[in-house]
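Residue numbers (my numbering), protein chains in the order written: chain V, 1 to 329; chain Y, 1 to 320; chain W, 1 to 447.
Derived by calculation from the structure, the hints in this document are not laboratory data.
There may be inaccurate statements among the hints.
Unchecked claim - Heads up, simulated DSSO-like pairs for lysine-lysine below, C-alpha to C-alpha not over 27 Å straight-line:
| no. | chain 1 | residue 1 | chain 2 | residue 2 |
| --- | --- | --- | --- | --- |
| 1 | Y | K97 | Y | K61 |
| 2 | W | K327 | Y | K110 |
| 3 | W | K221 | Y | K110 |
| 4 | Y | K118 | W | K327 |
| 5 | Y | K242 | W | K221 |
What the hints assert, rightly or not - Just so you have them, the derived chain W footprint on chain V, three or more residues with Cβ under 8 Å:
| no. | segment |
| --- | --- |
| 6 | 177-186 |
| 7 | 192-200 |
Using N, Cα and C, we set each Cβ at its ideal position, and we do this for glycine too.
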Amino acid sequence: MAVATATPRGIRRRLVGPGLRRLWSPVAETQGLARVMFVTGATITLFFLVLAFFARWIAPYGFTQYQAHGHRFAQLAHPSAHHLMGTTVESDDVLSRVVWGAQTELKVVFLALVLSLLAGVPLGLVSGYFSGWLDRILVLVMDALFAFPPLLLAIVIAFLLGSTVSSGVVTAAIAITATYVPQYFRVVRNHVISVREETYVEAARALGARPFTIISRYVFFNVVQNVPVIATLNAADAILTLAGLGFLGYGVQPTQAAEWGYDVQRALSDATNGIWWTGLFPGLAIVLLVAGLTLLGEGLNETLNPVLRRRRFGRIDFGPIAPGEEERT
Amino acid sequence: MRAVDGVSIEIGSGEVLGLVGESGCGKSTLGRGILGLLPEGARADGEVLYGGRNLVGLPQKALRRLRGPDLGLIFQEPMTRLNPLSRIEDHFRETLKQHEPHLGEREIRKRSLETLGKMGIPPTRFRQYPHEFSGGMRQRIMIALALVLRPKLLIADEPTTSLDVIVEGQILALLADLRQNFGTALLLITHNLGIVAESCDRMAVMYAGRIAEEGPVRDVFADPAHPYTRELLRATISLDTKELHSIPGAPPNLMHPPPGCRFHPRCPDAMQVCVSEQPVERRLDGDRRVQCWLHGPEQRIPEGGRQKLDRERIGIADEA
Amino acid sequence: MKPDAVVSSDPRAETSLVSIRDLKTYYSIRGSFADRLVGREAGHVKAVDGVSLDIRRGEVLGLVGESGSGKTTLGRTLLGLARATGGEVVFEGRDITRLRESEFRHLRQRMQVVFQDPHASLNPAMTIGEAVGHPLRIQGVAKRRDDVRRRVVAVLEHVGLAPAEQFMDKYPSDLSGGQKQRAVIARAIILNPVLLVADEPVSMLDMSVRAKILELMLALKRDFDLTYLYITHDLATAKFFCDRIAIMYLGRIVEIGPSEAIYADPKHPYTQALLRAIPEPDPERSVPRDIPRGEVPDAASPPLGCTFHPRCPLAFEVCGWESRDLKDLLDARWARAGQEVYEAERALFGDLSALDQPSTRARLPAGKGVPGGDLLNVLESARADDPMEPFWSGVRRLSTAGDGIEVEWHEPIEPRLLESGEVDVACHLYDPGALRQAEDARGASDR
């Protein structure tokens with residue numbers, strides 16, 4: 001009898017450093033649905049990232065630009081050669097607003113993500129490692145925040161901050177941060193609690209390492225594997241929250257930047273008059289970006305999560321069974 | 001990766017065969033391969049003949065029907081088959097109902113208590129949950145669950161490795177009596193030569209996916225035919241050990257096994273032919289088999305093949 | 001700023017590297033929700049329950065026991081990884097029992113540990129070079145990169161991971177079990193400790209590799225003048241490796257003495273059982289049939305008297321017989337006898353829950369309308385089936401009482417570690433006082 005296990009193929013060896021290679025190899029090995037999701041999501045996200053980065057060169061006009069060459073643009077014009085996605089009631093080019101909006105969305109979400117990570121991860125580390133009263137208090141606070149309906153929480157915070165913080169982008173980012181910090185906190189904390197019991201952590205204690213050293217060298221790298229997945233999925237959700245804020249008039253103010261949610265809200269009245277382009281395009285943009293990030297996140301999850309991972313296997317060929325010799329010595 | 005590479009063994013009815021080898025030799029894969037329980041991406045080839053049928057290639061449904069009443073399997077970790085949310089009573093009822101649906105409640109209870117009794121589990125604890133039992137008792141329950149279906153063959157994969165030595169002795173005594181009490185044959189997979197010596201009739205030594213040698217336990221211990229067996233016996237630390245011995249080097253990477261005989265880089269008796277040709281299985285007197293060029297056949301060994309291999313010192317980088 | 005050294009008053013402590021006196025490490029168990037609501041204490045697990053021993057400089061002391069024996073907890077308490085509940089630990093003449101972690105930190109250079117599982121002892125996120133060199137940085141012994149690297153290379157070569165450059169940048173997942181354990185050992189000795197606690201260092205390794213690691217440890221002992229505390233459940237490797245051996249059972253030492261003496265003439269029945277149970281690679285031997293029954297009991301509520309008595313083939317009057325032993329006896333009887341006998345006899349008894357409480361006296365109600373005499377008959381029948389069963393020596397009185405029966409057992413005596421020949425053993429068989437009391441009890445017993 002012979003049993004053979006196929007080896008995963010397509011492992012790229014020429015990447016920077018052994019660490020990155022270890023990270024990349026599961027990605028290269030995925031197959032099936034996970035791969036499709038990952039690739040699709042990555043493509044869409046990349047598309048929007050390009051729009052955001054190169055908005056200045058891609059967008060035909062500014063986000064509040066209602067005229068060019070001395071001409072004022074037509075109001076509520078149908079999509080045409082001049083305005084591929086039409087214009088709004090204020091003569092703003094919809095296409096430009098969509099492109100600039102991508103920049104706004106991604107700016108805010110990126111800032112929010114960074115802030116959430118900076119707040120949630122260290123708190124999770126400390127809370128999980130030390131336990132005790134600090135842990136109890138933090139868990140209570142985080143659970144309370146988590147229990148709040150996220151959009152409501154964001155609105156409250158945006159409202160409170162709106163008067164003190166001038167930048168709408170920062171206001172929106174902080175508001176969104178508050179809703180996501182509990183997630184990172186919780187995931188990291190739980191992982192830390194299990195890693196804390198591992199032998200190598202006890203070994204570090206036996207060497208005389210201080211808690212800070214243990215947390216940073218021995219615990220941190222072993223608990224952050226889930227964070228990228230959660231960050232991506234949160235980004236998707238954050239886009240929606242931001243759009244929701246914009247829809248309701250909080251966060252980013254129209255004078256500061258283009259925002260898809262705001263545009264959708266403005267387009268509501270247009271819809272009753274049969275004008276579809278002012279609402280459709282920003283709306284579609286929201287849907288696409290969220291879908292792209294979600295697919296990327298889920299694809300990443302299936303890829304990095306060892307339980308869900310489905311590897312690609314090569315073919316196995318068994319040779320002919322070697323004839324058994326039947327001689328006696 | 002060839003986990004099991006051309007293995008042939010026979011187990012007679014009621015026999016106890018010990019499959020011994022170190023980690024990575026493929027013994028667990030073989031055990032599961034017999035029952036068709038292989039991980040994803042693994043393929044099996046060859047023949048597993050049971051009751052006149054070849055189990056390799058049987059559809060899952062047919063295999064499922066055989067697993068249980070004909071072929072039982074117990075694992076190293078006794079909690080794997082026990083559902084923490086079900087009472088022991090429920091475990092037995094579920095097992096018996098699945099494979100012998102004609103049994104009534106009373107019969108089920110009778111069979112279960114009888115089997116459990118033989119394993120030393122008192123009837124007073126029939127309605128308890130798995131977590132209320134200690135490790136050794138859970139293993140006994142696992143064995144009882146396998147035996148209640150009166151299988152013809154029980155495959156035990158390292159059944160006592162996670163248990164203390166006194167409990168291990170208790171469990172081994174139970175397993176050694178399977179033939180008398182249940183008429184069941186036993187394939188005992190282990191890394192512990194002591195267990196094989198004390199409980200098995202025959203033994204097969206596995207190395208890097210192949211059977212190095214096989215034969216009656218007494219004969220193999222008294223006069224090992226394969227250098228690996230001999231070295232393994234010398235390396236085993238027992239109460240009589242006066243000197244420590246080890247085998248230089250480490251087991252090979254099964255994805256890129258060495259050419260020729262897989263053991264040759266570590267073998268003190270390696271010859272020229274061992275580097276280039278895989279040894280052929282030979283039958284020896286006394287119902288023994290071995291795969292080693294030391295035992296010929298002469299006509300297959302080329303000119304100069306018998307010359308002792310002059311190996312450079314095995315780099316410690318290859319040391320385990 | 002180091003606290004003043006506290007020198008223990010015990011004279012033996014001066015020659016010993018480590019002196020442990022009556023050490024206790026208890027863990028409190030969190031009870032059920034209902035318990036906590038009512039404020040009821042759930043009890044303790046007495047992981048280490050009054051252990052005294054010395055580790056002499058330059059020796060290898062083996063600490064042998066099965067799971068639940070407390071050997072690992074003892075090791076961890078010694079290393080300051082677990083907090084002692086009572087007693088004292090003196091290391092190099094200094095009382096370290098109640099040191100705070102910040103005070104203990106500096107001491108860790110002098111005592112190091114090798115854990116059991118080589119696959120879990122190394123940080124997956126650090127290379128071998130980083131991991132082995134980290135103690136130097138942690139303890140502030142070396143800071144400059146080249147200095148650290150030099151010392152890491154030296155110690156890697158010493159443990160057999162040569163050429164060292166080949167291993168410096170590898171991650172633990174790239175190494176085999178034996179290589180990982182060598183790296184763990186390297187990490188432990190790089191600080192030049194004087195004491196090395198090895199907790200089952202080879203039990204997770206293959207047989208062909210064990211000898212290599214044990215040889216390495218012996219060589220290092222010579223080269224670095226180390227003292228070992230070798231914790232294991234495997235008496236075979238302990239015999240080879242250790243100078244003195246201490247056998248532990250449920251938190252206490254039951255026998256301790258020089259290696260040769262323990263193996264040549266084991267005194268405690270538990271030691272004898274451990275030796276008998278080891279599977280020997282000798283086909284002439286078959287599985288031993290006289291192995292003690294049962295398993296290591298629950299440390300949260302251990303048996304009365306001598307904690308080994310329920311499993312001991314040589315137990316007698318004063319060893320601590322109690323109600324739970326009767327429960328075990330009935331359980332075993334009914335497991336053997338078959339369903340009809342079980343059901344018939346069980347019906348004679350009423351509620352058997354009295355047998356769950358540890359006590360030297362138990363009252364068992366009979367089933368409805370069943371005379372107490374019937375219950376006595378069951379017990380007599382059990383006795384007749386196996387008169388040599390040690391349980392019966394512990395029964396002081398067996399009589400009908402009320403609507404059932406009452407059983408009373410002799411008063412238990414807790415065994416103490418006493419000298420007997422070359423070893424110290426905690427067993428009444430070697431305690432003249434206990435033997436005398438047993439004789440008296442026998443005379444006074446009334447069935």
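Next pair to validate is K97 (chain Y) with K61 (chain Y); report whether the Cα-Cα distance is within 27 Å. Judged against 27 Å, a Cα distance of about 17 Å means the pair holds.
Given hint K110 (chain Y) paired with K221 (chain W) - CA-CA distance at most 27 Å: Distance of about 60 Å is beyond 27 Å: violated.
Whether chain W covers the segment 192-200 of chain V (at least 3 residues having a Cβ closer than 8 Å to its Cβ atoms): It holds: at least three residues are needed, and the segment 192-200 of chain V offers 3 whose Cβ sits within less than 8 Å of chain W.
Okay, the segment 177-186 of chain V and chain W, do three or more residues pass the C-beta test at under 8 Å? violated (count 0)
Can the restraint linking K242 (chain Y) and K221 (chain W) be considered satisfied, given a maximum Cα separation of 27 Å? Measuring from Cα to Cα gives roughly 19 Å; hence the hint holds.
When you check the alpha-carbon spacing of K327 (chain W) and K110 (chain Y), does it fall within 27 Å? 22 Å, holds
Proposed proximity, K327 (chain W) with K118 (chain Y) (alpha carbon, max 27 Å): 19 Å, holds
Consistency note: the structure conflicts with the earlier hints numbered 3, 6.
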